[in-house]
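Asker: Below are the chains, spelled out letter by letter.
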Amino acid sequence: GAVVSQHPSRVICKSGTSVKIECRSLDFQATTMFWYRQFPKKSLMLMATSNEGSKATYEQGVEKDKFLINHASLTLSTLTVTSAHPEDSSFYICSAGQGAETQYFGPGTRLLVL
Amino acid sequence: GNSVTQMEGPVTLSEEAFLTINCTYTATGYPSLFWYVQYPGEGLQLLLKATKADDKGSNKGFEATYRKETTSFHLEKGSVQVSDSAVYFCALRENSGGSNYKLTFGKGTLLTVNP
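Chain order of the listed sequences is A and B. Using the working numbering, read the first sequence as starting at 1 and increasing by one per residue. Using the working numbering, read the second sequence as starting at 115 and increasing by one per residue.
Chain A on its own, in the form it takes in the complex:
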């Protein structure tokens, strides 16, 4: 089946620093990638949708200048959390798909901001 990887799996950083999370589709080309945030005991909240070669579409309430998304190729998307603060600590999950086809999810990245 289709495999999506995320790197790193977990990261701890100091407040004020920036953190980059990579999402890769390993055995297929993903025209669309999605970034989610998962809070404890809560659902996955869609943050943004990115299509290869174009700007990401952010959901209402998500700061695009804080959560920078780059979808430079059909197999790689990155999420950069800029000037991270403790309230940004969360579990970030990406998914990759091809148009209306099934989304394949990465294993997630645990971010802890001290």
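The set of hints was computed from the structure by calculation and includes no laboratory data. Do not rely on the hints blindly, as some may be mistaken.
Keeping only pairs whose Cα atoms sit at most 25 Å apart, straight-line, the calculated SDA-like set for lysine to any residue is [as the list claims (entries may be wrong)]: (1) Lys20(A) / Asn70(A); (2) Lys20(A) / Gly155(B); (3) Lys41(A) / Leu224(B); (4) Lys66(A) / Thr31(A); (5) Lys42(A) / Asp27(A); (6) Lys41(A) / Ser186(B); (7) Lys163(B) / Val3(A); (8) Lys163(B) / Asp27(A).
Just so it is clear, the structure is predicted and the values come from calculations on it, not from any experiment.
We have chain A already, so just place chain B on it with the hints.
Answerer: Same frame as chain A, now just chain B:
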């Protein structure tokens, strides 16, 4: 807007018990419906799906039927195993072209199956 409501967990069962996890939805139009499973330490995996009313999705002994009249997509399994212990998410996807195929998730239900 779209929303998905699924039963609160956690659900704890003994091996070979019958499982039902309720899921209802609100949506404009005719969405596709999904159940995803998240095993400990892993990402979400698609368990089953249904794309139109009265469709039944099935996989690994799990089943769910798309009920338009009750706007429901309840997940069932006749005999659970310890290995089924995971978090289960119900989700819907709009099928209109302008939606960019976004998924809307329920809050997830933690299932623990004891031997």
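Asker: Now tell me, hint by hint, if it's right for this structure.
Answerer: Consistency of the hints with the structure:
| no. | hint | in the structure |
| --- | --- | --- |
| 1 | Lys20(A) / Asn70(A) | 10 Å, holds |
| 2 | Lys20(A) / Gly155(B) | 21 Å, holds |
| 3 | Lys41(A) / Leu224(B) | 9 Å, holds |
| 4 | Lys66(A) / Thr31(A) | 24 Å, holds |
| 5 | Lys42(A) / Asp27(A) | 30 Å, violated |
| 6 | Lys41(A) / Ser186(B) | 22 Å, holds |
| 7 | Lys163(B) / Val3(A) | 19 Å, holds |
| 8 | Lys163(B) / Asp27(A) | 22 Å, holds |
When the structure is compared with the earlier hints, a violation turns up for hint 5 alone.
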